[in-house]
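Using the sequences provided together with the hints, build the complete structure.
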Amino acid sequence: MPSSHLLLEEPIRMVSILEPSKQSFFPAMTKIVGTLGPKSRSVETISSCLKAGMSVARFDFSWHDPEYHQETLENLKVAIKSTKKLCAVMLDTVGAEMQVVNKSEKAISLEANGQVVLTPDRGHEASSEILPINFDGLAKVVKKGDTIFIGQYLFTGSETTSVWLEVSEVKEQDVVCIIKNSATLAGALFTLHASQIHIDLPTLSEKDKEVISTWGVKNKIDFLSLSYTRHAEDVRQAREFLSKLGDISQTQIFAKIENVEGLTHFDEILQEADGIILSRGNLGIDLPPEKVFLFQKSALYKCNMAGKPAVLTRVVDSMTDNLRPTRAEATDVANAVLDGSDAILLGAETLRGLYPVETISTVGRICSEAEKVFNQDLYFKKTVKYVGEPMSHLESIASSAVRAAIKVKASIIICFTSSGRAARLIAKYRPTMPVLSVVIPRLKTNQLKWSFSGAFEARQSLLVRGLFPMLADPRHPAESTSATNESILKVALDHGKALGVIKSHDRVVVCQKLGDASVVKIIELED
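So the sequence shown is numbered by the numbering used here: it starts at 885 and just counts up by one.
Any given hint could turn out to be false.
[What the hints assert, rightly or not] Cut-off 25 Å, straight-line C-alpha distance, at most; resulting in silico cross-link-like pairs (SDA-like, lysine to any residue):
(1) Lys-1064 x Gly-1021
(2) Lys-1102 x Asp-1131
(3) Lys-1387 x Phe-1340
(4) Lys-1397 x Lys-1256
(5) Lys-1291 x Glu-1174
(6) Lys-1064 x Glu-1174
(7) Lys-1293 x Ile-1372
(8) Lys-1293 x Arg-1326
(9) Lys-961 x Val-1404
(10) Lys-1028 x Asp-1005
(11) Lys-1181 x Gln-1155
(12) Lys-1387 x Glu-1408
(13) Lys-1256 x His-1115
(14) Lys-1102 x Arg-1123
(15) Lys-1093 x Lys-1064
(16) Lys-961 x Ser-926
(17) Lys-1091 x Lys-1064
(18) Lys-1269 x Leu-1238
No lab work stands behind these hints: they were computed from the structure.
See the structure below:
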């Protein structure tokens, strides 16, 4: 596993620190997922988020109802049309999440060294003495001395809005806890996490299934974030469920790793999932703080070698209330890029934070700077070595396209694809230039009607580092002739010129299929 300092291009020119960041159409190769909520659901704010660099909108169903999220999604559609920026939709499930429900929404003050009782009796009103929870079996799985953590929405780690509890005794179904720090819990919903305890709740709850089969199908979601994934079987069951829902059978499943159980089965989960979300908020509670960075580096490396997108969470928590990140947070974002992250997921920062647009913009600028010093040469060699020989046909073409692009200093790689797989393989080798994935639609039928595929594949590129999709004219067939390919290529080149990433006399590497053969060619543009 490579350490992050080895993935740094040395020496870093001092002048680069002094130069202002150049804003291009591609703010960064690393993608940004924004969670839409109270502070980020207006058309105006979503439009600004898209312009700032958000490429995936996350809808977190652990709070609020489908109608609320539908209103937000309708605003997103308007914003996409007005900005002409492509954006994918991610549905985040509740999963095996324990929650404290505060029906009155009154602030609850908890004093250090006091006692509070956790009870499954939802008839109780939440107070500083008793907290009703949504799980009947907590008393059966915890024991004296175990640690429990309660926080609002996502864990902030703040000593004033989150509370650490230590189990002092179990009384039938109730769990009596000693309060370890003074805190005020505000809001209608608090998440409860029992450190390193197996919770016998389904990964895909009945509520999740209902939301996916209604809201998810209606809106043809691109990604399903499978919260609290603990085993590969969780992913297989979710995929089987999606396969029966027709329109979203192509939806990609991203396994959300949130506890030690998920870590233990990480390798088998990675094999089954389309991508991984490293939920560092929950992991930071389940793991000792000194172990979190080791898991991050190991997990990102495994995802990179498998060619599957890795998404990192909880990077700029302080920007929920502040306009600038801390020095540590800015460095954390940069290290996420150097460690190999495909995307950064912003949760509370955009959901309820005061500065959603500025947060996206700031994270994008930090990613862009880190990408400039990413040691692509070393990364490329390690990836080729890991893949080994003989390479598959497609892997060989992808790595050759990247090698050629770097040797001739191409400004962009253009890849024709119908499934998106070839473009993702090119992106796996982390070229220093953007990859324009030209998705060529395929005509398909369900025996009742004909339709074109391609939109799913294009939007699903929006979580892959360095990959930027463009949907080709559906009148061009997937198995195209040389002449048809040339006409699509012209459209792609014109698109690149319009975006400002291709100029006169630039070199462009093109990866395409001609008949049964895959071809990599280099084009030098004229005036």
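Structure-based check of all given hints:
1. Lys-1064 x Gly-1021: Holds, because 23 Å separates the two Cα atoms, which is no more than 25 Å.
2. Lys-1102 x Asp-1131: Holds - the C-alpha atoms of Asp-1131 and Lys-1102 are around 9 Å apart, at most 25 Å.
3. Lys-1387 x Phe-1340: The hint is violated at about 30 Å.
4. Lys-1397 x Lys-1256: Judged against 25 Å, a Cα distance of about 31 Å means the pair is violated.
5. Lys-1291 x Glu-1174: Violated, at about 40 Å.
6. Lys-1064 x Glu-1174: holds, 21 Å
7. Lys-1293 x Ile-1372: Distance ~23 Å between Lys-1293 and Ile-1372 Cα, so the pair holds.
8. Lys-1293 x Arg-1326: violated, 33 Å
9. Lys-961 x Val-1404: Violated - the C-alpha atoms of Val-1404 and Lys-961 are around 36 Å apart, more than 25 Å.
10. Lys-1028 x Asp-1005: holds, 21 Å
11. Lys-1181 x Gln-1155: Distance of about 18 Å is within 25 Å: holds.
12. Lys-1387 x Glu-1408: Status holds; Cα separation ~10 Å.
13. Lys-1256 x His-1115: Measuring from Cα to Cα gives roughly 37 Å; hence the hint is violated.
14. Lys-1102 x Arg-1123: holds, 18 Å
15. Lys-1093 x Lys-1064: Since the Cα atoms of Lys-1093 and Lys-1064 sit roughly 37 Å apart, the hinted pair is violated (cutoff 25 Å).
16. Lys-961 x Ser-926: Satisfied, since the Cα-Cα distance of roughly 11 Å is no more than 25 Å.
17. Lys-1091 x Lys-1064: violated, 33 Å
18. Lys-1269 x Leu-1238: Not satisfied, since the Cα-Cα distance of roughly 46 Å exceeds 25 Å.
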